[in-house]
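Undergrad: Please take these sequences and the hints and turn them into a complete structure.
Each chain, written out:
There are 2 protein chains.
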Amino acid sequence: MSLIFKPLFEKESSTYTYLLADSNTKEAIIIDAVDETQQRDIGLIEELGLDLKYIIETHVHADHITSSCPLKQKFTNAQIVLGESNPVACADVLIKGQETLKFGDYQITAMATPGHTDGCMSYVVDDKVFTGDALLIRSCGRCDFQGGSADKLFDSIKKIFSLPDETYVYPAHDYGGRTVSTVWEEKAFNEMIGGGVDKVEFVRRVNAMELSLPAKIHVAVPANQVCGSKIISE
Amino acid sequence: MSLIFKPLFEKESSTYTYLLADSNTKEAIIIDAVDETQQRDIGLIEELGLDLKYIIETHVHADHITSSCPLKQKFTNAQIVLGESNPVACADVLIKGQETLKFGDYQITAMATPGHTDGCMSYVVDDKVFTGDALLIRSCGRCDFQGGSADKLFDSIKKIFSLPDETYVYPAHDYGGRTVSTVWEEKAFNEMIGGGVDKVEFVRRVNAMELSLPAKIHVAVPANQVCGSKIISE
Numbered sequence: 002m003s004l005i006f007k008p009l010f011e012k013e014s015s016t017y018t019y020l021l022a023d024s025n026t027k028e029a030i031i032i033d034a035v036d037e038t039q040q041r042d043i044g045l046i047e048e049l050g051l052d053l054k055y056i057i058e059t060h061v062h063a064d065h066i067t068s069s070c071p072l073k074q075k076f077t078n079a080q081i082v083l084g085e086s087n088p089v090a091c092a093d094v095l096i097k098g099q100e101t102l103k104f105g106d107y108q109i110t111a112m113a114t115p116g117h118t119d120g121c122m123s124y125v126v127d128d129k130v131f132t133g134d135a136l137l138i139r140s141c142g143r144c145d146f147q148g149g150s151a152d153k154l155f156d157s158i159k160k161i162f163s164l165p166d167e168t169y170v171y172p173a174h175d176y177g178g179r180t181v182s183t184v185w186e187e188k189a190f191n192e193m194i195g196g197g198v199d200k201v202e203f204v205r206r207v208n209a210m211e212l213s214l215p216a217k218i219h220v221a222v223p224a225n226q227v228c229g230s231k232i233i234s235e
Numbered sequence: 002m003s004l005i006f007k008p009l010f011e012k013e014s015s016t017y018t019y020l021l022a023d024s025n026t027k028e029a030i031i032i033d034a035v036d037e038t039q040q041r042d043i044g045l046i047e048e049l050g051l052d053l054k055y056i057i058e059t060h061v062h063a064d065h066i067t068s069s070c071p072l073k074q075k076f077t078n079a080q081i082v083l084g085e086s087n088p089v090a091c092a093d094v095l096i097k098g099q100e101t102l103k104f105g106d107y108q109i110t111a112m113a114t115p116g117h118t119d120g121c122m123s124y125v126v127d128d129k130v131f132t133g134d135a136l137l138i139r140s141c142g143r144c145d146f147q148g149g150s151a152d153k154l155f156d157s158i159k160k161i162f163s164l165p166d167e168t169y170v171y172p173a174h175d176y177g178g179r180t181v182s183t184v185w186e187e188k189a190f191n192e193m194i195g196g197g198v199d200k201v202e203f204v205r206r207v208n209a210m211e212l213s214l215p216a217k218i219h220v221a222v223p224a225n226q227v228c229g230s231k232i233i234s235e
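So the protein sequences, as listed, match chains D and W. The working numbering applies: residue 2 is where the first sequence begins, and numbers increase by one. The working numbering applies: residue 2 is where the second sequence begins, and numbers increase by one.
Don't read these hints as lab results, they were simulated from the structure. Model, not experiment: these values are computed from the prediction. Hints are not guaranteed to be accurate.
What the hints assert, rightly or not - Quick list of in silico lysine-lysine cross-link-like pairs, BS3-like style, CA-CA up to 25 Å:
no.: 1; chain 1: W; residue 1: Lys188; chain 2: D; residue 2: Lys27
no.: 2; chain 1: D; residue 1: Lys160; chain 2: D; residue 2: Lys188
no.: 3; chain 1: D; residue 1: Lys129; chain 2: D; residue 2: Lys188
no.: 4; chain 1: D; residue 1: Lys160; chain 2: D; residue 2: Lys129
no.: 5; chain 1: W; residue 1: Lys12; chain 2: W; residue 2: Lys129
no.: 6; chain 1: D; residue 1: Lys217; chain 2: D; residue 2: Lys12
no.: 7; chain 1: W; residue 1: Lys27; chain 2: W; residue 2: Lys129
no.: 8; chain 1: W; residue 1: Lys129; chain 2: D; residue 2: Lys129
no.: 9; chain 1: W; residue 1: Lys217; chain 2: W; residue 2: Lys12
no.: 10; chain 1: W; residue 1: Lys12; chain 2: D; residue 2: Lys217
no.: 11; chain 1: W; residue 1: Lys27; chain 2: D; residue 2: Lys129
no.: 12; chain 1: D; residue 1: Lys12; chain 2: W; residue 2: Lys217
no.: 13; chain 1: D; residue 1: Lys73; chain 2: D; residue 2: Lys217
no.: 14; chain 1: D; residue 1: Lys12; chain 2: D; residue 2: Lys129
no.: 15; chain 1: W; residue 1: Lys27; chain 2: W; residue 2: Lys75
no.: 16; chain 1: W; residue 1: Lys160; chain 2: W; residue 2: Lys129
no.: 17; chain 1: D; residue 1: Lys159; chain 2: D; residue 2: Lys97
no.: 18; chain 1: W; residue 1: Lys12; chain 2: D; residue 2: Lys12
no.: 19; chain 1: W; residue 1: Lys129; chain 2: D; residue 2: Lys27
no.: 20; chain 1: W; residue 1: Lys27; chain 2: D; residue 2: Lys188
no.: 21; chain 1: W; residue 1: Lys103; chain 2: W; residue 2: Lys75
TA: Put into structure tokens, the structure is as follows:
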């Protein structure tokens with residue numbers, strides 16, 4: 002067996018979508034799929050002959066609209082997965098930390114990593130962790146809406162840092178075109194928490210982030226609370 | 002030993018830059034670095050403590066300006082590498098097909114793949130091939146300037162297709178946010194040459210591409226012929 006692994010990129014929101022599958026059984030999962038790129042993703046799943054089992058969200062995104070619902074309409078056996086703390090009506094599976102889902106001979110393990118939003122999950126497959134907006138490359142998610150908490154985010158990132166140093170870090174976004182990091186790199190170089198920053202300093206740094214609201218927040222959050230099933234035009 | 006492998010993305014020209022290094026010796030190479038993202042790349046090389054040995058171009062690009070020269074000014078031991086058929090004054094190494102370069106315990110092997118330009122090289126490291134603009138994901142490079150030839154490109158892609166089916170294909174660009182393919186996928190699904198298309202049909206398809214000139218061609222080609230040492234403003 003081997004793992005099919007396709008990192009995919011949506012330019013407008015700089016979002017990474019990840020498609021993973023067991024090359025033998027063809028059972029597949031997709032993480033953080035985006036509305037704008039749903040035709041690309043559907044095409045890829047069909048070409049590769051994949052059997053999409055789970056459509057997984059790391060959290061309810063504020064910056065882009067998910068394609069969970071359209072994907073499920075296309076791949077009717079797939080189940081939509083979100084962390085248990087998310088206020089959404091459309092999830093088939095509300096997963097808890099440490100719970101696993103199987104695709105072929107592989108499994109994905111949920112890790113509760115609240116802080117950016119209260120319902121954020123990271124997911125581990127083999128030597129890879131998909132960190133959503135909890136841990137970004139050299140950065141981390143903001144904590145100023147959707148139940149965000151810098152205090153909780155510190156603990157969540159420390160939990161991610163408890164994974165082996167060689168673990169590959171695949172975030173939901175990178176605005177600088179970097180596609181992958183590792184736990185050891187983020188421990189060393191992350192500008193918010195790297196180099197042994199303590200919780201007090203981390204919270205100070207998060208609160209000092211200069212941020213405007215995501216352009217799509219008033220559209221994306223309501224749309225994503227129903228998994229993208231109603232796309233409200235701006 | 003293990004391979005440090007960082008695919009990097011430049012949004013404006015949708016160019017992929019690849020940084021590879023031996024994790025033990027820290028000797029590193031970079032393929033198709035872009036002017037706009039040179040600070041990101043320099044920062045990453047410095048953070049990871051890498052010893053940049055080779056700054057490699059798959060070809061003289063028409064759509065973006067290389068950062069080869071600025072990188073060499075920063076990492077003075079590095080050598081600029083281009084295929085032997087390229088009309089450039091700034092290369093330290095003019096590499097031929099089948100020649101190899103070492104970085105730590107790894108090596109990169111050049112494969113002459115003319116057609117998009119007459120000087121195009123692909124490069125193989127382990128189970129990865131870096132195809133420049135010869136073979137793109139589900140597509141291929143255009144052949145209408147810089148000595149391009151659809152006839153030669155057909156033979157070049159067939160040479161890439163002679164690599165093991167599982168070989169990962171990393172192109173210089175993807176405009177749809179896909180980051181990686183495999184030889185078997187391109188054999189099966191490439192829209193120009195997949196599924197057993199013959200040379201006559203391939204040449205017809207390449208000639209039927211509807212293309213405008215790259216926006217930056219009149220700036221990028223002269224600048225890249227001196228490895229980005231003189232950045233001419235548009």
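Undergrad: Each hint needs a verdict: does it hold in this structure or not?
TA: Taking the hints in turn, this is what the structure says about them:
1. Lys188/W / Lys27/D: Within the cut-off at roughly 19 Å; holds.
2. Lys160/D / Lys188/D: It holds: about 12 Å lies between the C-alpha atoms, which stays within 25 Å.
3. Lys129/D / Lys188/D: holds (16 Å)
4. Lys160/D / Lys129/D: holds (14 Å)
5. Lys12/W / Lys129/W: Holds, at roughly 23 Å.
6. Lys217/D / Lys12/D: holds (15 Å)
7. Lys27/W / Lys129/W: It holds: about 19 Å lies between the C-alpha atoms, which stays within 25 Å.
8. Lys129/W / Lys129/D: holds (19 Å)
9. Lys217/W / Lys12/W: Measuring from Cα to Cα gives roughly 15 Å; hence the hint holds.
10. Lys12/W / Lys217/D: This hinted pair holds, its Cα atoms lying about 20 Å apart.
11. Lys27/W / Lys129/D: holds (22 Å)
12. Lys12/D / Lys217/W: holds (20 Å)
13. Lys73/D / Lys217/D: Between lysine 73/D and lysine 217/D the Cα gap is close to 23 Å, so the pair holds against 25 Å.
14. Lys12/D / Lys129/D: The given pair, whose Cα atoms are some 23 Å apart, holds under the 25 Å limit.
15. Lys27/W / Lys75/W: holds (17 Å)
16. Lys160/W / Lys129/W: The hint holds at about 14 Å.
17. Lys159/D / Lys97/D: holds (18 Å)
18. Lys12/W / Lys12/D: holds (7 Å)
19. Lys129/W / Lys27/D: The given pair, whose Cα atoms are some 22 Å apart, holds under the 25 Å limit.
20. Lys27/W / Lys188/D: holds (19 Å)
21. Lys103/W / Lys75/W: Distance of about 21 Å is within 25 Å: holds.
Violated hints: none; the structure is consistent with every hint.
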